[in-house]
Each structure stands twice: as C-alpha cells, then as structure tokens.
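Asker: Below are the chains, spelled out letter by letter.
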Amino acid sequence: MAMSQTKMAVAEADGVLESAVSTRNISKNYGEVEALRDLSLEFPRGQLTSLLGPSGCGKTTLLKIIAGLLEPTSGEVEVNGSKVTGPGPDRAFVFQDFALLPWASVIRNVSFGLEMRGVAKSEREAIAERYIREVGLAGFEHAYPHELSGGMRQRVGLARALSVDSQVLLMDEPFSAVDEQTRRKFQEDLLGLVQNENKTFIFVTHSIEEAVYVSDQIAILLPRPSRVSEIIRPSGFRNKGVDNIRRDPEYLDIVDEIWASLRTYVE
Amino acid sequence: MVNRAFVLKIVSALILFGAWEIAGRIPVSLAFPTFLESMSALFSMAADGTLWLAYAETLQPLVVGIAISAVLGIAIGLWVGLNDFFDWLFSPIFIVMQAAPLAALIPLLVLAYGIGLTSKVLVVCIMAMPVIVLNTAGAVRNTPESMKEMGRAYLATDLAIVLKIVIPAASPVIFAGLRLGISAGFIGAILAELKITPTGVGDIITYSRSIADYPSMYAAIFSIILLAVLFLNLLEKTETVLFKGNQRGYVSD
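Residue numbers (the working numbering), protein chains in the order written: chain D, 1 to 267; chain U, 1 to 253.
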C-alpha cells in the first residue's frame with residue numbers, strides 16, 4: 001500500500017504516468033461494420049484500467065487487439081515501447097469462458113503457457129503448484145475442470161495467466177460467468193493482486209460497480225463505432241481498505257455519474 | 001454398484017440368447033438352429049481348426065483395411081477440417097463414398113483390382129473410411145474457438161495447437177467415427193468374402209448354407225459379431241485411458 005501511494009505521488013508530481021500499453025488510432029472494421037474508430041488510449045504501468053461500456057461497444061475487440069489475437073484494420077498497439085504484431089510473452093490473457101482444457105488436470109492447465117514456452121516439466125509444475133496455491137486451489141492440482149465450480153475454474157484461468165509472469169494481464173470479463181458472492185471475493189483478491197504483483201492490468205467489464213471498485217482508471221467506451229467518451233480516475237477511496245470502498249461517497253458518485261452518461265445508450 | 005453396467009450387459013445377453021434358443025426350438029424356420037446347436041458347431045469348428053484358419057484369412061483384409069482407414073482417415077479428416085481448400089477437394093469424394101451402394105461397386109473393383117487381397121482391402125476401406133474422415137473433419141471444425149484463441153494467446157505454435165488442443169478436443173467425435181467406421185469395416189470384410197471370392201469366414205457362411213449346415217453358418221456369423229463387439233469395447237477403453245477428463249464434457253457446459 002505504501003508503494004502504491006509513492007507511485008501515485010511520483011505520478012502526480014510528474015503530471016504524466018508512464019504507459020505500459022498504448023493504443024494509437026485503432027480502427028477495426030468487420031466488413032461493413034465499424035467496430036472501433038480511431039481509438040487512442042494509454043494504460044499506465046502498474047495500474048488497473050477498466051474498459052467499460054454497453055454491450056457491442058467493442059471493448060472485447062479492443063482487448064483482443066491488444067492481446068494480438070485480432071489485427072486492427074489500422075492503427076497500432078505498443079507494449080513497453082515495442083509494436084504488437086501478435087501474441088507475445090509480455091501479455092497474458094484471462095478468458096470470459098475460462099478456456100480450460102477439459103481433458104487436462106488443473107496443474108496441466110495452469111502450466112500450459114509455460115509448456116508452450118518450452119519450460120521443462122519439473123520446473124513448470126513447480127511454478128504451477130506455487131500459483132495454484134496462491135489462487136487458493138491447493139489440493140486440487142490433479143482435479144479435472146468438470147469437477148470444479150465456476151469460480152474455481154476461473155481461479156485456474158487466473159493461475160495460468162499469473163504463472164507465465166507477463167508484464168501485462170488482459171482480463172476479458174473474467175468474473176461475469178461466476179456467481180455474485182464469488183465475484184465479490186474475486187474483486188477483493190484482484191485489488192490485492194494489483195497492489196502486490198506490480199503488473200499492468202487491463203480489465204474489460206460491463207458492470208459499472210465492478211469497474212469503479214477495482215480500477216485506477218476507467219475508460220468509458222461508447223458504441224457504434226466505439227470511441228473513448230471519458231476517462232475517470234477514482235483516487236480518493238483506493239487506500240481506505242476493501243471494506244470501505246462501497247460506501248465511500250466518491251465511489252457512489254462515480255457510479256451514478258457513469259450510469260447517467262451510459263443510460264441513453266442502453267436500449 | 002461399479003459392476004452394474006457389466007451385470008446389465010450379461011443380463012441382456014442372456015435374454016437375447018434365451019430368445020434365440022426358444023425361437024430355434026419352436027422352430028421359426030427350418031433354417032434357424034437353436035443357440036446351443038450353434039454354439040456346439042462353433043466349438044467343434046474351433047476344435048478342428050477350421051475357425052482359426054478362416055480367421056487367418058478374413059483378418060488380413062480386415063486388419064489392413066481398418067488400419068489404413070483409421071490412420072489415413074484421421075489424417076485426411078484433420079486436413080479437411082483445418083483447411084478449406086482440402087475440404088473443397090476431398091469432402092465430396094467421401095460423401096459420395098458414404099452414399100454409394102457398395103455391393104453395386106464390387107464388380108467394378110474386381111474388374112480393376114482382381115479378386116485378390118487388394119479388392120477386399122478396398123471394400124473394407126470404402127466402408128470404413130468415409131465416416132472416419134467426415135467425423136474427424138466435423139469435430140476439428142467445431143473445436144471451441146476460445147480454446148484455440150487461448151492456445152494462441154499463450155504462444156502455442158500452429159502445430160502445438162493442433163496436437164495439444166484441436167485433436168484432444170475432437171477426440172470424442174473422432175472415436176465415435178472410429179467406432180462407426182470399424183463396425184462398417186467388419187461388414188465390408190464379410191461382404192467382400194461373400195461377393196468377391198468365398199474365403200475365410202465368408203466361405204464358412206456360404207459353404208454351410210449350401211450344404212444346409214445351418215448351425216455352422218450361424219456360428220460363423222455369431223463369431224464375427226462377437227469379434228466386432230470385443231474390438232469396439234477395446235477401442236472404448238483406449239479412449240477412456242487417453243482422454244480422461246473428456247468423459248464429462250466441456251467446461252463450458
């Protein structure tokens with residue numbers, strides 16, 4: 001927490017935050033349909049940025065372009081100063097539907113990224129075991145995905161993303177397929193991760209409360225074609241502890257403000 | 001409780017054989033022997049060696065044909081499923097092969113390849129391969145997109161995506177295709193022996209019928225069905241061992 005405050009202080013003193021990821025003039029067309037138009041956005045290092053917007057606003061498209069899974073029609077993405085041409089070791093992805101391999105045990109799923117990087121079996125299993133413990137799944141190393149609850153499956157997805165130790169973590173509505181209580185626990189854990197892991201998080205969500213709760217920076221995207229309408233940086237309640245955020249007046253104000261600007265776009 | 005499925009299998013076999021025995025004793029037809037008569041014919045054929053000699057003959061086109069169909073069928077199926085061009089090129093051939101009435105084609109095969117092993121292997125392949133190819137291709141095409149995306153996001157090469165994601169994900173349907181294909185291959189092997197030249201088990205069937213030795217004829221038919229069932233069970237066991245987690249479907253279910 002001390003570190004985070006120092007970081008903020010430095011950042012505010014400089015007036016500008018160093019970007020880990022920048023997207024410049026990104027456009028993406030699917031045939032006739034314009035999904036993204038001329039979208040530029042900076043993602044500050046070590047912080048969590050949410051992409052928030054109504055459905056169909058292209059937030060997942062943008063995330064996949066950053067991941068290198070989709071090609072932008074024009075524009076470019078830079079991660080740590082180098083141009084993105086495809087998936088890379090500097091980014092890890094957490095999927096909305098978990099994307100686990102059903103025939104592989106938890107430990108094999110978690111070590112998949114390391115396996116693809118050519119890490120030896122004993123070493124990758126040691127690393128995987130550590131992250132399985134870290135996400136609270138110790139004892140389930142040899143279980144299969146179908147034996148786990150939705151929340152536990154996403155913990156496997158999270159452990160897989162953490163185990164490759166990428167600078168940037170891309171999360172595509174990671175908590176939307178888990179139940180409400182699990183989601184709250186995930187959100188609290190995520191705040192801890194942002195604080196401790198010193199990684200840059202890019203987080204797609206459609207939940208206003210979730211975005212305000214977990215983010216250092218919220219980019220609000222508006223649809224058809226998608227563009228950034230507003231960037232909000234909640235600052236006042238981040239250090240008051242996870243239990244106090246939801247009743248902080250600033251938190252409530254921001255939630256209301258975002259809803260006011262989004263409601264006209266929701267049919 | 002574990003063996004409940006096994007007990008049920010035994011019970012259903014007993015009911016079937018019981019019904020066979022009763023139908024043979026009535027008799028429903030003079031050409032329909034009882035179960036026990038057929039079994040004793042089976043044992044005497046096994047004892048004097050005719051049965052084993054016959055299978056040594058029949059298994060040649062069957063094993064060769066099934067091996068070719070499985071290896072080539074899965075390979076072509078993967079190819080067709082992964083590449084639109086090969087889909088365009090190969091799919092129609094296998095769809096036609098599957099739809100064509102094989103018995104009508106046998107004279108053509110004999111004309112082209114003679115009455116030897118080649119023609120019989122081809123008959124087995126024509127029966128077995130289309131369903132293996134088409135199932136494999138369909139399963140490959142239906143690999144969940146997010147799993148392939150996951151592979152790419154975690155830096156898997158194209159080859160690794162095929163080996164570590166596409167094939168295991170497609171394996172339940174590939175195995176279903178293998179099961180169907182192999183049972184069709186058994187039909188093909190016997191059909192070849194009945195239609196091309198009477199050898200092996202087909203010879204026992206034809207010859208016993210011609211001398212009205214119906215118990216032997218039914219014994220031969222029974223033995224080939226038994227072999228097919230045993231083989232399919234073995235295949236199922238292999239699948240279970242190879243892809244354990246697949247039994248309960250996908251994570252997104």
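Careful, some of the hints might be misleading.
[Stated by the list, open to error] In silico BS3-like pairs for lysine-lysine, Cα to Cα no more than 25 Å straight-line:
hint, chain 1, residue 1, chain 2, residue 2
1, U, Lys237, U, Lys9
2, U, Lys148, U, Lys164
3, D, Lys121, U, Lys9
4, D, Lys240, U, Lys164
5, D, Lys199, D, Lys83
6, D, Lys83, U, Lys9
7, D, Lys199, D, Lys240
8, D, Lys185, D, Lys121
9, D, Lys199, D, Lys185
Calculated from the structure, these hints are not laboratory results. All values derive from a computational prediction rather than experimental measurement.
Asker: Look at each hint and say if it fits the structure.
Answerer: Status of each hint after checking the structure:
1. U/Lys237 to U/Lys9: Holds, because 16 Å separates the two Cα atoms, which is no more than 25 Å.
2. U/Lys148 to U/Lys164: holds (10 Å)
3. D/Lys121 to U/Lys9: Violated. D/Lys121 to U/Lys9 sits at ~42 Å, over the 25 Å cutoff.
4. D/Lys240 to U/Lys164: At roughly 46 Å apart (the allowed maximum being 25 Å), U/Lys164 and D/Lys240 break the hint.
5. D/Lys199 to D/Lys83: Since the Cα atoms of D/Lys199 and D/Lys83 sit roughly 19 Å apart, the hinted pair holds (cutoff 25 Å).
6. D/Lys83 to U/Lys9: violated (62 Å)
7. D/Lys199 to D/Lys240: holds (21 Å)
8. D/Lys185 to D/Lys121: Violated, at about 32 Å.
9. D/Lys199 to D/Lys185: holds (20 Å)
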